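Undergrad: These protein sequence lines are chains H and G, in that order.
In case it helps, my numbering puts the first sequence at residues 1 to 331.
In case it helps, my numbering puts the second sequence at residues 1001 to 1508.
Hints are computed from structural coordinates only; laboratory data are not their basis.
Here the structure is a predicted model, which is why all the values come from computation and not from measurement.
Glycine residues also receive a C-beta, built at the ideal position from the N, C-alpha and C atoms.
Hints may contain errors.
Pairs of lysine-lysine residues, derived as DSSO-like cross-links and limited to a Cα-Cα distance of at most 27 Å, are as follows [unchecked claim]: (1) Lys182/H - Lys1132/G; (2) Lys1292/G - Lys1318/G; (3) Lys182/H - Lys1378/G; (4) Lys1448/G - Lys1378/G; (5) Lys182/H - Lys1249/G; (6) Lys1141/G - Lys313/H; (7) Lys313/H - Lys1132/G; (8) Lys1132/G - Lys1115/G; (9) Lys1266/G - Lys313/H; (10) Lys1106/G - Lys182/H; (11) Lys313/H - Lys1292/G; (12) Lys1114/G - Lys182/H; (13) Lys1292/G - Lys1448/G.
Example chain G residues on the side facing chain H (calculated, C-beta under 8 Å, incomplete) [to be verified]: (14) Ile1052; (15) Ser1071; (16) Lys1088; (17) Leu1089; (18) Asp1091; (19) Val1092; (20) Leu1093; (21) Glu1097; (22) Gly1102; (23) Lys1489.
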Amino acid sequence: MLNFTAFIPRAVAQGMPLLYGSTGETITQKAGNLNLGIPGVMYVGAISGVIGSFLYERSVVASAALNPALAVGIPLLSCLFGSLVMGLIYCFLTVTLRANQNVTGLAMTTFGVGFGNFFGGSLIKLTGADVPSITLSRTSNVFRTVLPFANSTGWFGKVFLSYGFLAYLGILIALIAAHVLKRTRTGLHLRAVGESPATADAAGINITGYKYAATCLGCMIAGLGGLYYVMDYMNGVWSNDAFGDRGWLAIALVIFTIWRPDVGIFASILFGGLYILYLFLPTGENLSVKELYKMLPYIVTIIVLIFTSIRNKRENQPPASLGLAYFREER
Amino acid sequence: MPAVRMRGITKTFGAVCANSKVDLDIYKGEILALLGENGSGKTTLMNMLSGIYFPDEGQIFIGEQEVSISSPREAFGYGIGMIHQHFKLVDVLSATENIILGLPGKLDIPAAAKKIREICSTYGFDVDPDQKIYEMSVSQKQTVEIVKVLYRGADILILDEPTAVLTPQETEKLFAVLRKMREDGKAIIIITHKMHEVEELSDRVAVLRHGEYIGDMMTKDTNAQEMTNMMVGRAVTLNIERPDPVDPKPRIVIEGLTVRSADGIKRLDDVSFTANSGEILGIAGISGSGQKELLEAVAGLQVCESGSISYLDESGEKHELVGMGPLEIAGLGVQLSFVPEDRLGMGLVGNMDLSDNMMLRSFRVGRSPFTDRKSPRKLAEQVVDDLEVLTPGITTPVRRLSGGNVQKVLVGREIASAPTVLLTAYAVRGLDINSSYTIYDLINRQKKAGVAVIYVGEDLDVLLELCDRIVVLCGGRVSGIVDGRTADKNRVGLMMTRVGGGEERADS
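Given only the sequences and the hints, what does the whole structure look like? Please build it.
TA: Here it is, written out as structure tokens:
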């Protein structure tokens, strides 16, 4: 039998990077930009945060305590800055220069992963450690500070209160994104830009502005997912290529959630759960069964893709001009 | 005092000069018809007034003041609203959401819906503010567009070919609304190719030719012939020829044809008729009544649920087309030239040049693994010459040509394969009067050569002038087959909306 009080916190922790990634990608896609660079952006977000906190930790003597505001603020701002730069590069290429979005996105992913591994490797060299990783446990401890009653309220505390602030922030961002998309004029305009830029343009909406803003904001949110992964999930340990294919899962989640960030909260936790289910299911003597369980998230993604394609409701389809550049005077 | 004065407006796209030193005055309380052939720069000129394009040269005055309109938002600020030929609506949003799109302030759908209902009751529109655009008919979408412009308080309205997609009844309704707006003191500019509409509706006409302003005149002082001559720049005749069919023999016999779309909706229901050789059979109906499915079924592109389509060749031998592949059917000489709404979607590849598009029909010919590029090139040159296609050359991608020229290429190619049955849909959709007549002439030549022509059209006046017989479709059913020489326009219009034409059903 599954131990839920142990399973759910792990699933949430596993799902949070996916939630950040998919919320960011949903906002981006709603503006008609298919940003396949999200895995790279999350990598850059993570390594930027690591660089920031690495420099800060080195500037404080080992015995002294870190200033919590700086320990959180510096990695957070460096992460947001790194992701923003990625977003600006992507926008400049696809919106201003109207380059192909797929190619640009894939290039951004390759670039982002390489960037992360390069600086990750450099930092590891700097520390001169024996293991190929950097440990920023002092910063991580600040990030993972939990709510005060978490340990005294039994299973309730474990399931709902045992997370660092980034997990709650991720859920909050997803809820705000869902509200803005559905209920505000900004959201209406953003959806119009993604559905039919020519229409939005004729209605006097600044297409370039919305595309830039949505994509850059989306990248910054996705970047936070990378930061969460290193600082919270991995307890401050960076090692090259550890982030794996979570960025791609985040993009798959966007389709799974039919472009709704509020659905994304549950979907990402579900995916997080599927991701680690193999640890909780009895596998007996045969270890290869575990490998089969690890396939679950991908199998579910494929099944969901099949179902969302069959269910042909217009509102559940991707934004109509997703992946297309817009040029007003094109004839 | 004109409401808007445009002076010396020039706009070029690369090497193409769309407008050259155009002067135009627009008055309040007047309906101005803007005339010109395809590619004469009417839409470009109006796009500059509505902020879509920015003029390279020239001045625009609103009242006394010189203005610079660099975006649609600024155009709204000056009270200018444009209803585009291709509707600018977001399909998955509701009417209300579309109407308030781009406006500032807090999002308050119920309040906006209330204001929309008020506008609708003032002008007699029929719009459900909560309905999604993709659930609407073409005329409802157009109404949403008009309400959108009125909602923003526009008093200068530009309509780009508003009647191209409407039935006669819907057109009448639209004209009534436009007249009411004129009485409200609004300035209305309408772009249309249909001369009888110009005569019926407008107060003044302005003519453009090859991007240049030719002149304007009061509608009551002129006539269709004079206006057409001004547009074209030389005298043209405005009669559609209708030679009597020579030796008509049944060519296509359709019996009890029923077609269902992929989602299970009946698109054609028990359709039966015969198309004869040497005859033009018209298909009339509101768009989406099954015309597309009918032609596709004959061409072998649709799965038929029941019924039969027989093709009778010269010797009278019968071939059943249901179940045959499109290639075999084309081999029998049945050619489909379908001009969809966006003109390029079916039949031509926009990014390929003229001769490559010609090759789409002939690339299977011959045994060698290499395609024959010479004969398509020759054919392209011939089509360009014969049909007076305006193009920089046969290596120009088709999408760069203006709409009329694209259609000439498409029709020209289909005819070149010497068909025995020519299926054509909306062959003159959006074409100016001169190019339309070229196409009618082409079709008539095929008819005289003994081809069975099935002509799906949207302009009833033309159908009644061109066709020998007309099949009227309504909601996928044949509501009647009338003789083109004796049929009455209003009666056909009614048949398009009701099977059998309402109360006249008993005697039909």
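Undergrad: Now tell me, hint by hint, if it's right for this structure.
TA: Going down the list of hints, with the structure as the test:
Proximity of lysine 182/H to lysine 1132/G is assessed by CA-CA distance (about 15 Å); at most 27 Å being required, the pair is judged to hold. Note on lysine 1292/G and lysine 1318/G: the hinted pairing holds, with a Cα-Cα distance of about 24 Å set against a maximum of 27 Å. Proposed proximity of lysine 182/H and lysine 1378/G is contradicted: the alpha carbons are some 56 Å apart, above 27 Å. Taken as a hint, the lysine 1448/G and lysine 1378/G pair is honoured in the structure, with Cα atoms around 25 Å apart against an allowance of 27 Å.
With a C-alpha separation of about 61 Å, the suggested pairing of lysine 182/H with lysine 1249/G is violated against the 27 Å cut-off. A C-alpha spacing of about 20 Å is found between lysine 1141/G and lysine 313/H, which places the hinted pair at or below 27 Å, so the restraint holds. Restraint check: the Cα-Cα separation between lysine 313/H and lysine 1132/G comes to about 12 Å, which is no more than 27 Å; the hinted pair holds. Proposed proximity of lysine 1132/G and lysine 1115/G is supported: the alpha carbons are some 18 Å apart, at most 27 Å.
Note on lysine 1266/G and lysine 313/H: the hinted pairing holds, with a Cα-Cα distance of about 19 Å set against a maximum of 27 Å. Of the pairs offered as hints, the one joining lysine 1106/G and lysine 182/H holds, with about 13 Å between alpha carbons and a cut-off of 27 Å not exceeded. For the given pair, lysine 313/H sits about 23 Å from lysine 1292/G by alpha-carbon distance, which is consistent with the 27 Å threshold. At roughly 20 Å between alpha-carbon atoms, lysine 1114/G and lysine 182/H fall within 27 Å of each other, so this suggested pair holds.
Proximity of lysine 1292/G to lysine 1448/G is assessed by CA-CA distance (about 25 Å); at most 27 Å being required, the pair is judged to hold. For the restraint placing isoleucine 1052/G at the interface with chain H, the shortest Cβ-Cβ distance is roughly 7 Å, inside the 8 Å limit, so the hint holds. Among the interface hints, the one on serine 1071/G holds; its C-beta lies about 6 Å from the nearest C-beta in chain H, closer than the 8 Å criterion. Hint status for lysine 1088/G: holds, given a least beta-carbon distance of 4 Å to chain H, under 8 Å.
For leucine 1089/G, the shortest C-beta to C-beta distance to chain H is roughly 6 Å, which falls under 8 Å, so the interface hint holds. At its closest, the beta carbon of aspartate 1091/G sits 7 Å from a beta carbon of chain H; the interface hint therefore holds under the 8 Å criterion. The closest approach between the C-beta of valine 1092/G and any C-beta of chain H is roughly 5 Å, which is under the 8 Å cut-off, so the hint is satisfied. A cut of 8 Å between beta carbons decides the hint on leucine 1093/G: the least distance to chain H is about 7 Å, and the hint holds.
Checking glutamate 1097/G against chain H by beta carbon gives a least distance of about 6 Å; that is within 8 Å, so the hint holds. Proximity of glycine 1102/G to chain H holds as hinted, the smallest CB-CB distance being about 3 Å (cut-off 8 Å). With a least beta-carbon distance of about 35 Å to chain H, the hint placing lysine 1489/G at the interface is violated under the 8 Å criterion.
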